[in-house]
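Student: If you want the building blocks of each chain, they are given just below.
Number of protein chains: 2
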Amino acid sequence: SFEFPKATALGNFRPGLDVTIHGFLGKRRDKGSALTFCHVQLGTQNVQVVSSWQEEGSLQHNAHQELKAIPAYSPVCVAGTLQETGKSDNVNAGKTWDLKLRSVQCLNPFPKDIIVSKDAVWPPKSRHLQLRFDPLLQDRLRLRALVAARLSKALRSQKFTQIETPVLFKSTPEGAREFLVPTRRQGYAYALPQSPQQYKQVLMAAGIPRYFQFAKCFRDEDHRADRQPEFTQLDLEMAFASGQHVMKVVERLMNSVFEMLHEDFVPTDFNGTIHPVRKGTSDEPKHRMDVAGNTTDKDTPDAVPGFQKAKPPYSRWSYDYAMSVTGSDKPDLRIQPPHASNIYRVEHLLSKDFVSMITRLEDPIVEACKFRLEGSPHDNGAFIRDFFDNLRNTPQKLGADSTPGVFIFDSSKPLQGLSALGHEGAEGLASIDEQYWQQCEDGDIIMIHARKNEPFRGGSTELGKIRKMIYDTAVEKGCLPKDHSFKFLWVHDFPLFSPTEDDPGQGGAAGFSSTHHPFTAPLTPEDLDLLKTDPLRARADHYDLVLNGVELGGGSRRIHVAEVQEYIMRDILKMTDQGVGQFAHLIEALRAGCPPHAGFAFGFDRLMAVICDVPSVKDVIAFPKSNKGEDLLVGSPTKTTPEQQKTYHLFQKS
Amino acid sequence: SFEFPKATALGNFRPGLDVTIHGFLGKRRDKGSALTFCHVQLGTQNVQVVSSWQEEGSLQHNAHQELKAIPAYSPVCVAGTLQETGKSDNVNAGKTWDLKLRSVQCLNPFPKDIIVSKDAVWPPKSRHLQLRFDPLLQDRLRLRALVAARLSKALRSQKFTQIETPVLFKSTPEGAREFLVPTRRQGYAYALPQSPQQYKQVLMAAGIPRYFQFAKCFRDEDHRADRQPEFTQLDLEMAFASGQHVMKVVERLMNSVFEMLHEDFVPTDFNGTIHPVRKGTSDEPKHRMDVAGNTTDKDTPDAVPGFQKAKPPYSRWSYDYAMSVTGSDKPDLRIQPPHASNIYRVEHLLSKDFVSMITRLEDPIVEACKFRLEGSPHDNGAFIRDFFDNLRNTPQKLGADSTPGVFIFDSSKPLQGLSALGHEGAEGLASIDEQYWQQCEDGDIIMIHARKNEPFRGGSTELGKIRKMIYDTAVEKGCLPKDHSFKFLWVHDFPLFSPTEDDPGQGGAAGFSSTHHPFTAPLTPEDLDLLKTDPLRARADHYDLVLNGVELGGGSRRIHVAEVQEYIMRDILKMTDQGVGQFAHLIEALRAGCPPHAGFAFGFDRLMAVICDVPSVKDVIAFPKSNKGEDLLVGSPTKTTPEQQKTYHLFQKS
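So the protein lines, in turn, are chains A and B.
So the first sequence is numbered by the working numbering: it starts at 41 and just counts up by one.
So the second sequence is numbered by the working numbering: it starts at 41 and just counts up by one.
Derived from the structure by calculation, the hints contain no laboratory data.
Among these hints, one or two may not hold up.
In the PhoX-like style, the derived pairs of lysine-lysine whose C-alpha atoms are separated by at most 20 Å in a straight line are [claimed, not checked]:
hint, chain 1, residue 1, chain 2, residue 2
1, B, 319, A, 199
2, B, 152, B, 140
3, B, 193, B, 46
4, A, 67, A, 158
5, B, 199, A, 199
6, B, 686, A, 686
7, A, 193, B, 199
8, B, 193, A, 193
9, A, 46, B, 140
10, B, 686, A, 288
11, B, 572, B, 505
12, B, 686, A, 679
13, B, 437, B, 392
Here are some, though not all, of the chain B residues that point toward chain A, as calculated from beta-carbon distances under 8 Å [what the hints assert, rightly or not]:
hint, residue
14, 247
15, 385
16, 388
17, 529
For each residue, glycine too, the CB sits at the ideal point set by N, CA and C.
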């Protein structure tokens, strides 16, 4: 198999032409002993090979025998004559071709011990087979490349310059735990960057007007939901810009991506996943799935409403507003009336008796929200009981502050099923008349939950978590319709600092750390003043972009004045001289006449996961790591050798 | 400085318009007390601000005083009225603008203790200032982004898909020493990839037809000439392709880049560096250099012959041919008649006596080459004496096998100055009549050198090194004209294996290692057969792309059959089971019906350095590392802390 003829370019195909094609052999469909069909596929190109013979020992007969001897899924080189095409199933599809077989060469036989079956799911160790036999995964990787190209183009047209920054960086207390790269000089190490943040700020000080980069970032985190130890950021920064300006640029970027999706892709339902199928190709994934030995359950996957263009400007909610009406700093705007209410404060409607039943907190805030599923009161009662039963069996633990009170509104029952609230409470709740709380109807699920009477902290309240989970579960179980729209939202005005918890933060002695990173600028001069008196109340000029409840990325205006940066590190975060000294390069760069600047970073893997409607970033990464940070295909990380241990001064496991 | 007005888009500029601009203030040129000029620059945008006043206390007067109070180089926000433009010096340039000052706001004063002077060279620690005040460096970064975009576009149009592969990989004996990334699990580590080679081959096995990626690669090398511990590869791979096919694609890529350079850039001489200046911009670097406080020596830099388009197909030389006629596996094709000859074998022309004078080797190969500089015999003699004197003072050591014999052809002397060769030798040498060896003339420098009589190994012969160094020195000293052309060359048919020297190689017991990497396919079935009998004679299907004596990158057809891959690792390289086992993922992927495939990787930094005519890759990287692998701006690598040592199981320096 050293030599084989070149393939004929698809663009030159025309009926009657003698061509050579390369690709992987599909399953053969024999029609008796003298006629057989099979597809040969390469990427999105798909040609049906037709082989027949009339005379034993003829060229056709020999080729036919050769074809039959080649295992399915082998790479082949096939020569033959193009025939008038059959019609494609899909009116949007391009031309399809038949090839009358003249000769075939097997370039590497597919082994017998690998069983390719319908619905085969390959273990992570066999990622090469998953990539090979899952056309949706291949599609997602192709789309990922297209989206990246589209974003790069949009950024270039807005005068952004792509600049690479080092991966071998150094350890700084920016916030997360960093991987180290020890050197041969004992006691010295590089660190892998958690983001290109510091280098990009130096670029701003260096007079680069606008920067972007697809950057690999690294965090040695404990394994939280769907995070990878290495991930890809689309990182950007603008000199002489405010946060407002950056948000507009980001909206334009998203618009550009959704314009492409709208024009070129049809969201199509494959067993519940809304997969973007490219228009006008002869290669619907269904077809390729057949070739790969897999099929969908349905003959023709359903097209669902097309990708709408995202219309800027997006809604903007302050962190406090988002937390109060959705209990989350990344609200899913698809959770809305008539199916679900916002969260409303209700403690003024409720009796102390009832409140004391759901919480032991003194003077709590009590909130309620409401769901209207597509079922009878009885069905909905069963749904919500199931939901809470399952919740107890998942790692998602609810806090101990409050037990959720759950009611089904039912006009056939005393006090409409709300009797536990007492007469006044039931009446009050039933008559709430707010914009995002529709009048109660039979079957409505009402949730009541208490929380501490204190300012919002962190990413969500208990009730916010429950509300999102109920919505997702109801959609998954068909109790609510799947909403195919893409709902963007800006969340802004985050607290500048948060009490230090799990993350190492900046290691200062203040008891709190930067909510995002220590370079975030205070929102207003008033917030800068608050640092002296009540730093936890100071707001940051930080903004998160949220899409359907997923944080796509975040950004901020940065501190561009060296004195302010040092003041926050030294006097507010109470970092040591040594800690502040680790940022000397940045402070020095700010000092050299650094202009005001602001930026943003997309979690590119996450953006792709949302666009592709897949539950995990692993589904949009060619070679993802497991939840334990292992690449099970190659088997990394590996045991170090004594020689490596010596070279890089690593302890040997005893 | 929290708030400042937005800038007016350059596209909206028209005379008489009130606008706001952002940028860095240049040096003020006062014309008396009531009139001053200064530029405000941002990136490649440059506006001249004109400030004058007539009445004390007027708005103009106040603005004028404010302007004068702002230190040069500070970031500013300026408002005023656009005026009829003056003419640009450069007919190719776009519009230039004057702005009649109305108000100015300083956004961060440039400190007094940083002295910006003409020709300032900043230490690596102040890379931010070098980036800020060296417009040629900024230009190179912009051009780097443009070239990357152009290459990506060309690859996409040829149906390549950009796919990211992991940076946290694992240690494998691919050839070079790898950096390790220890995990919190004692004794386990990731390794940083020396290239995406193995993952891209898995992608080929996974049915991806064509892949590319701008990939960060890492090698923990001892510090050789102009190498960085991290560098950027443009990496590509094609399924069902031969090396020939890949070479054509690479030529098309280069063509595309040089087309862009030809159309949009003018190579311009700045103090000896031929810098690509973008056409049709109002921002010639000369001008921006003025603003930055620096100027070139000349008022108007010289334009030199334009970028020619590279015309495929490029010449193709076998490794043996390249080594025999240039003594290098990366020949610089600008070294050519009439200025320099090829290398020719001359031992048949020389007496044993003479040969024994220049070498102690038995039965050596003796070679000669010739230079014709632009000087008198006397000047040339001085040049070559200087050259060898300096050589002794550089790290470039010559081997001990032979002393170069150096002669100046001079018809006024006995035997034309070649008397040391004896009558026959002098005659023979003077009468060589070959295509790349012109008849001797007065002043020609003739070099004679001996080497072992054995097949070529490695990157160059002694004479090849000297020939290249003499050429470069002569051009630098003006003894030869600078050749502004770009001369591409393919070098192919490298030996598959080389004796193991410094690099760790594959750690096999064979005494030799893969010349490039252990995945390179033997050139022909005959070379595969040679593995059994004389593996060091087997040729590889490997090809290097060389431009003006610089290796831009290399590629090969890969082994795509698992049995062959295992055979070479186990039986030829004599790797241990454990060593072979580290490649299990690759062998498993090849086994799963992997198609034939071939690829290429550009050293992207090096490509940019050649295009920009700079001596080091450091000049095309925003944040390069020093020759010791240090980032002197941020001060990496750093000392590890006791906590880090504990977390990642590192030895503490005692």
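Student: Take the hints in turn and mark each one as holding or not.
Tutor: Structure-based check of each hint:
{"no.": "1", "hint": "319(B) <-> 199(A)", "result": "17 Å, holds"}
{"no.": "2", "hint": "152(B) <-> 140(B)", "result": "27 Å, violated"}
{"no.": "3", "hint": "193(B) <-> 46(B)", "result": "33 Å, violated"}
{"no.": "4", "hint": "67(A) <-> 158(A)", "result": "12 Å, holds"}
{"no.": "5", "hint": "199(B) <-> 199(A)", "result": "27 Å, violated"}
{"no.": "6", "hint": "686(B) <-> 686(A)", "result": "17 Å, holds"}
{"no.": "7", "hint": "193(A) <-> 199(B)", "result": "18 Å, holds"}
{"no.": "8", "hint": "193(B) <-> 193(A)", "result": "10 Å, holds"}
{"no.": "9", "hint": "46(A) <-> 140(B)", "result": "66 Å, violated"}
{"no.": "10", "hint": "686(B) <-> 288(A)", "result": "45 Å, violated"}
{"no.": "11", "hint": "572(B) <-> 505(B)", "result": "34 Å, violated"}
{"no.": "12", "hint": "686(B) <-> 679(A)", "result": "18 Å, holds"}
{"no.": "13", "hint": "437(B) <-> 392(B)", "result": "26 Å, violated"}
{"no.": "14", "hint": "247", "result": "5 Å, holds"}
{"no.": "15", "hint": "385", "result": "34 Å, violated"}
{"no.": "16", "hint": "388", "result": "39 Å, violated"}
{"no.": "17", "hint": "529", "result": "24 Å, violated"}
Going through the hint list in order, the structure does not satisfy hints 2, 3, 5, 9, 10, 11, 13, 15, 16, 17.
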